[in-house]
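Colleague: Given chain A, put chain B in place with the hints provided.
Residue numbers (the numbering used here), protein chains in the order written: chain A, 210 to 502; chain B, 10 to 313.
There's no promise every hint is true.
Said to hold, decoys possible - Interface residues of chain A toward chain B, partial, derived using beta-carbon atoms under 7 Å:
no., residue
1, Q212
2, R223
3, G296
4, I303
5, A304
6, G305
7, L501
In short, the hints are calculated from the structure, not lab data. Everything numeric in this text was worked out from a predicted model, so none of it was measured. Idealized CB from N, CA, C, for every residue including glycine.
Each chain is listed here by its residues.
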Amino acid sequence: MKQLFAIEFARLRRQTSAIVIAFIIFLLGGLNVLVAWITKVEINPGEFNFFLTSRTILESSFQLGQIQILLIGVVTSLFIATDITQGTIRNKIIAGYSKFEIYLVQMMMSVIITFIGLILFHALPSAFSWLILFPITVDDGGTFANFMIHMSFGYLLIITGVLLTTWLALKSKTTAAAIIFTLLIFVLGPTLTTIIKTIIEATVLLDFDQFTDLAAFEKAQGNINAAFEWVYFYQLQRLANIGSLFNFFIPTRINFFSEGTQSYIWKTLGSNLALIGLLLYAGGRNFAKSDLR
Amino acid sequence: MEILKTIDLSKIYQKTKALDGVNLTIQKGDIYGFIGKNGAGKTTLIRVIAGIAEPTKGSFVLFGESNPMGIVRARKKMAAVVESPALHLNLSAYENLKLQCILLGIKENHNLVIQNVLKKVDLEKLLIEKKKKAKNFSLGMRQRLGIAMALISNPSFLILDEPNNGLDPEGIRDLRNLLLKLNQEEGLTMLISSHMLTELSKLATRYGFIDHGKLLREITADQLQKESRQATVLSLANSSFNLEPLIKQGLKDFELRGAQLKIYGQQPIQPYLNELLKQNIELIQMNKESDDLEAFFMKMIGGK
Numbered sequence: 210m211k212q213l214f215a216i217e218f219a220r221l222r223r224q225t226s227a228i229v230i231a232f233i234i235f236l237l238g239g240l241n242v243l244v245a246w247i248t249k250v251e252i253n254p255g256e257f258n259f260f261l262t263s264r265t266i267l268e269s270s271f272q273l274g275q276i277q278i279l280l281i282g283v284v285t286s287l288f289i290a291t292d293i294t295q296g297t298i299r300n301k302i303i304a305g306y307s308k309f310e311i312y313l314v315q316m317m318m319s320v321i322i323t324f325i326g327l328i329l330f331h332a333l334p335s336a337f338s339w340l341i342l343f344p345i346t347v348d349d350g351g352t353f354a355n356f357m358i359h360m361s362f363g364y365l366l367i368i369t370g371v372l373l374t375t376w377l378a379l380k381s382k383t384t385a386a387a388i389i390f391t392l393l394i395f396v397l398g399p400t401l402t403t404i405i406k407t408i409i410e411a412t413v414l415l416d417f418d419q420f421t422d423l424a425a426f427e428k429a430q431g432n433i434n435a436a437f438e439w440v441y442f443y444q445l446q447r448l449a450n451i452g453s454l455f456n457f458f459i460p461t462r463i464n465f466f467s468e469g470t471q472s473y474i475w476k477t478l479g480s481n482l483a484l485i486g487l488l489l490y491a492g493g494r495n496f497a498k499s500d501l502r
Numbered sequence: 010m011e012i013l014k015t016i017d018l019s020k021i022y023q024k025t026k027a028l029d030g031v032n033l034t035i036q037k038g039d040i041y042g043f044i045g046k047n048g049a050g051k052t053t054l055i056r057v058i059a060g061i062a063e064p065t066k067g068s069f070v071l072f073g074e075s076n077p078m079g080i081v082r083a084r085k086k087m088a089a090v091v092e093s094p095a096l097h098l099n100l101s102a103y104e105n106l107k108l109q110c111i112l113l114g115i116k117e118n119h120n121l122v123i124q125n126v127l128k129k130v131d132l133e134k135l136l137i138e139k140k141k142k143a144k145n146f147s148l149g150m151r152q153r154l155g156i157a158m159a160l161i162s163n164p165s166f167l168i169l170d171e172p173n174n175g176l177d178p179e180g181i182r183d184l185r186n187l188l189l190k191l192n193q194e195e196g197l198t199m200l201i202s203s204h205m206l207t208e209l210s211k212l213a214t215r216y217g218f219i220d221h222g223k224l225l226r227e228i229t230a231d232q233l234q235k236e237s238r239q240a241t242v243l244s245l246a247n248s249s250f251n252l253e254p255l256i257k258q259g260l261k262d263f264e265l266r267g268a269q270l271k272i273y274g275q276q277p278i279q280p281y282l283n284e285l286l287k288q289n290i291e292l293i294q295m296n297k298e299s300d301d302l303e304a305f306f307m308k309m310i311g312g313k
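Isolated chain A, as found in the complex:
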């Protein structure tokens, strides 16, 4: 397995498209500092101020989160798919590695690439925060630990998505197909899920009059949203909005260990881990038994 990792890293270093996209991700991260710089904050009703804190920098990084994830997805798809379409994956099989082993290494490489992407994306804003505003502080009542927990849930979600695109890239017959699958997962997926959710919501809520029966209306709305909490694509959309969910003025909203947010934690963890487990085990077995080009 060591050799497989070694060859994958050697291959990654030589992949021009990956290096170009990595540079774009790095610059996107830098853009966050600019976005944060112009954050407009309402200090008193009607009174606004523009100021920069570590929080505003980190928060703003989520505003470009979806583009960053999409770019990482494209890099991993390209990286995996070229190995399949150029037939170089055959060299690994002939060299005496099992297909399951190759599959696991490809999956792990995708996770590593994702982390490299995330580090690159956060490099400039973090460096800026530490250098200019050291130490990073979370003001207005929130805790840095809670902020990090929130972020790690987001990263778990990204990893699940990336593993899914890796699996599809391994099944793709062309590089173009692999890229299309990535776009489907990271762009069309959340959009379609939102559309489906909205249709269900509208259909159910038509039976309630929010002006006469607000409690029943809100309950029905809550049930629909709860049902979608564990849906992978919906979570991805939520991730893009983490910045806006992050409200330091109401500390309980960001406290994952409060009673009100327990179901959200377990559903997120459960659904992501189940999908990761399924992709690693069933995907690996399926890959091991399938024919390559």
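Modeller: What follows is chain B alone, placed relative to chain A:
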């Protein structure tokens, strides 16, 4: 010692039987010529042995290993170029070979190993053109590089699928000499599938004929020689002669191509020569010939 033995090996793609119960054996030191028409199942068998495709039924033993993990381990002793060479097209020949060294966990100095293998396949010039990417190589160069990548691990068993594809006559000759040298000096066992039967006949020590996924026959080069039909070939001054009198004389089992009359078997030639002289047809040359591999193959598959 058996290097490879397939046992009722079958591969079915939807409704097509690409391999139908193939039982093939390759002994140590063999250069096994694998012969069949397009779509006969040659590449499918190679893909199954190389691990790229999974068999639908049956099994195979590779270097004495028959269980899946054992076969994976045994593949470390073999190398293969299946269909087209699997190259990283955006990398140079040197980088491709370097990656192969890493993949195979070669401990010796990589530069030295690469130099040696490029010398073997007559691609030393690529050591100078270090930056030229594989996507800019000619088909022949890619083929040679693919073979270099296969040879870099010093395998005991080499599988080559249509190795002459894209090679010019000089390249074909060089490859033949290289393979013969590797077989004779290092005892390298080979499985070579090729459409170029004349070329294959200069190399192979054993043959396997496959058609419609079925292995029709395995035969050694010596046996093939013995079983080939003998013929007397008469090269005549012109082709304007009447065959009827010769047939009346008992001429049978013959082939006429222009001014060349090929008479198969042990037929008495003198009466036919006399008859031709009567027709004022001059004999230019007479020689003995036996069927070539192509004729044997055509006979094998029923002349289809």
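Colleague: Which hints from the list above does the structure break, by number from lowest to highest?
Modeller: none
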